[in-house]
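Asker: Each chain, letter by letter, is given below.
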Amino acid sequence: MKYILMMQGKIADWKAQNSTTWPPGAFQAHIDFLISLNKTLTENGELAAVVALTSPEESRIVRAGPGGQPAITDGPFPEAKEFLAGYWIVDVDSHERALQIAAVASTAPGPDGAPMNMPIEVRPVMGAPGEEM
Amino acid sequence: MTSLLRELAPQVLGAVMRRYRDFAACEDAVQEALLAAAGQWPRDGTPQNPRGWLIQVACRRMNDHLRSETARRSREAAAAQESDQQVMQDETDPNQDDTLVLLFMCCHPALTPSSAIALTLRAVGGLTTAEIANAFLVPEATMAQRISRAKQAVKASGTPFDTPDARDRDQRMGSVLQVLYLIFNEGYASSIGPDLQRSDLANEAIRLARAVRRLAPDNGEAAGLLALMLLTDARRPARTTADGALVPLAEQDRTLWDGRAVAEGVALISETLPRGMVGPYQIQAAIAAVHDEAARAQDTDWPQILALYGLLAQMSDNPMVALNHAVAVAMVEGPRAGLGQLAALDGALAGHHRLAAVRAHLLEMAGEREAAIAHYLTAAGRTTSLPERNYLNLKAARLGASV
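Protein sequence lines correspond, in order, to chains A and B. The numbering used here puts the first sequence at residues 21 to 153. The numbering used here puts the second sequence at residues 79 to 481.
By construction, these hints were calculated from the structure, which means they are not laboratory data. Glycine is no exception: its CB is placed at the ideal position from the N, C-alpha and C atoms. Hints may contain errors.
[Claimed, not checked] Below are the BS3-like pairs computed for lysine-lysine, each with C-alpha atoms no more than 30 Å apart in a straight line:
{"id": "1", "chain 1": "A", "residue 1": "LYS101", "chain 2": "A", "residue 2": "LYS22"}
{"id": "2", "chain 1": "A", "residue 1": "LYS101", "chain 2": "A", "residue 2": "LYS35"}
{"id": "3", "chain 1": "A", "residue 1": "LYS22", "chain 2": "A", "residue 2": "LYS59"}
{"id": "4", "chain 1": "A", "residue 1": "LYS30", "chain 2": "A", "residue 2": "LYS59"}
{"id": "5", "chain 1": "A", "residue 1": "LYS22", "chain 2": "B", "residue 2": "LYS233"}
{"id": "6", "chain 1": "A", "residue 1": "LYS59", "chain 2": "B", "residue 2": "LYS233"}
[What the hints assert, rightly or not] So the derived label-pair ranges between C-beta atoms look like this:
{"id": "7", "chain 1": "A", "residue 1": "ALA123", "chain 2": "B", "residue 2": "ARG84", "range": "38 to 44 Å"}
{"id": "8", "chain 1": "A", "residue 1": "ALA84", "chain 2": "B", "residue 2": "ARG84", "range": "46 to 52 Å"}
{"id": "9", "chain 1": "B", "residue 1": "ASP278", "chain 2": "A", "residue 2": "ALA36", "range": "47 to 53 Å"}
{"id": "10", "chain 1": "A", "residue 1": "PRO139", "chain 2": "B", "residue 2": "ALA426", "range": "28 to 34 Å"}
{"id": "11", "chain 1": "A", "residue 1": "SER56", "chain 2": "B", "residue 2": "GLU411", "range": "26 to 32 Å"}
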């Protein structure tokens with residue numbers, strides 16, 4: 021069964037810091053952690069997809085305006101506190117395993133080298149077999 | 079030619095396994111032989127004895143592999159020397175049992191279902207890693223690792239490549255049938271709309287079930303599983319509309335059902351049931367046969383289906399069986415009786431969309447519109463199948479609109 025694991029970033033954190041404000045080596049450690057996690061998931065036969073997103077300031081919110089023309093505003097919404105940083109889709113044998121992987125992803129190290137314990141949203145992906153009705 | 083290679087793949091792997099035992103290396107050698115055949119046969123023509131040709135090429139690859147490790151494994155290298163002479167004798171004696179032993183190995187109880195499925199499709203089904211990855215919608219690298227880990231797990235379990243004794247054999251046959259059933263469901267249940275390629279999995283499961291039936295003609299459950307697949311798959315053309323929407327059994331256009339598959343399935347289960355040793359697959363096939371034999375939904379022999387579910391419930395404590403039993407009770411004794419039975423399932427199936435969907439359906443039958451709508455919506459929120467979610471939401475919407 022497939023699950024999506026969505027990594028949520030805090031807008032406030034993202035505004036306050038970036039790779040240049042992290043101590044030397046800390047950002048590299050963060051990236052190395054994620055690369056190693058992806059490698060492990062592939063080796064386990066569990067990784068279905070992994071997508072990293074650009075920074076939230078690259079985001080645009082689109083609505084159809086008059087005549088269906090795109091009406092574009094910068095995203096994310098001003099009131100938003102969190103943004104989607106990226107996601108994994110994992111194909112695992114149990115719900116518990118998906119939660120376990122999310123917990124590992126959450127421990128990616130932050131600027132001080134300690135686990136950031138980021139919130140990871142876990143949801144089943146549509147497409148599992150349906151029963152005859 | 080692809081189908082010939084697929085047919086021969088497990089026989090060749092079994093023959094090579096019997097000689098060399100190292101599952102991972104043998105499997106690689108057979109894949110190389112199959113690739114060589116795919117390249118050479120269209121150009122030079124199919125050899126007179128294709129199976130012998132493949133065994134010979136695979137054994138040569140194995141010998142090369144072993145020679146490169148001679149220092150470490152002198153004993154196996156000696157076996158390799160012997161094998162060239164043996165190959166010619168084996169060519170005329172396709173040992174069917176090898177395929178069965180290979181199946182037993184791939185459907186090993188030590189493997190998780192997803193690993194066993196992947197390994198079976200690759201080693202016995204002769205599918206490429208890319209084909210299997212495509213069917214399960216994961217990248218090829220992920221599937222390659224899953225297969226490789228499965229091979230390692232089989233190796234670590236220490237199962238010898240030998241025909242197991244009678245008791246072990248029955249138990250292992252149970253795992254084989256379970257894996258084939260899962261492959262079938264994966265393909266059948268999701269062969270909708272854009273996922274059409276996945277219907278190949280259902281066909282592959284049926285092909286493998288036929289092979290198992292040939293290998294174990296006295297096993298009633300092997301026959302039962304094949305019949306169940308045929309009788310279920312026969313409905314596939316009616317199960318969805320052209321745009322992928324789900325059509326429930328009661329509303330299907332039965333003229334679209336595959337009459338030949340129904341006839342074959344009915345004949346198979348009719349000849350199997352009287353032989354005794356009736357198991358769950360045979361009963362499920364019998365239930366499918368009762369559905370398929372009704373020309374119209376209202377002609378369905380529900381009392382017989384109820385009796386069959388009663389039997390099935392005695393053999394299995396699976397709550398999904400109890401759920402279907404409750405539906406049959408409702409069809410025979412009325413929706414209130416069915417709803418009464420559902421109450422007992424609130425623990426075992428808590429949070430399961432099927433329980434909510436069945437409850438909604440029975441409430442609708444009982445004329446409790448508001449409650450039915452609420453349970454349809456609950457079920458829609460819980461299912462992980464998109465066509466099913468659409469179907470349940472539309473049911474709720476239609477009930478809400480009808481005053």
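Asker: Determine for every hint whether it applies to the structure shown.
Answerer: Hint by hint, here is what the structure shows:
1. A/LYS101 x A/LYS22: 28 Å, holds
2. A/LYS101 x A/LYS35: 11 Å, holds
3. A/LYS22 x A/LYS59: Judged against 30 Å, a Cα distance of about 18 Å means the pair holds.
4. A/LYS30 x A/LYS59: 26 Å, holds
5. A/LYS22 x B/LYS233: Holds - the C-alpha atoms of B/LYS233 and A/LYS22 are around 28 Å apart, at most 30 Å.
6. A/LYS59 x B/LYS233: Answer holds: A/LYS59 to B/LYS233 is near 23 Å, not above 30 Å.
7. A/ALA123 x B/ARG84: 38 to 44 Å: Hint holds: Cβ distance 42 Å, inside 38 to 44 Å.
8. A/ALA84 x B/ARG84: 46 to 52 Å: 50 Å, holds
9. B/ASP278 x A/ALA36: 47 to 53 Å: 52 Å, holds
10. A/PRO139 x B/ALA426: 28 to 34 Å: This hint holds: roughly 32 Å between Cβ atoms.
11. A/SER56 x B/GLU411: 26 to 32 Å: For A/SER56 and B/GLU411 the Cβ distance comes to about 59 Å; the hint is violated.
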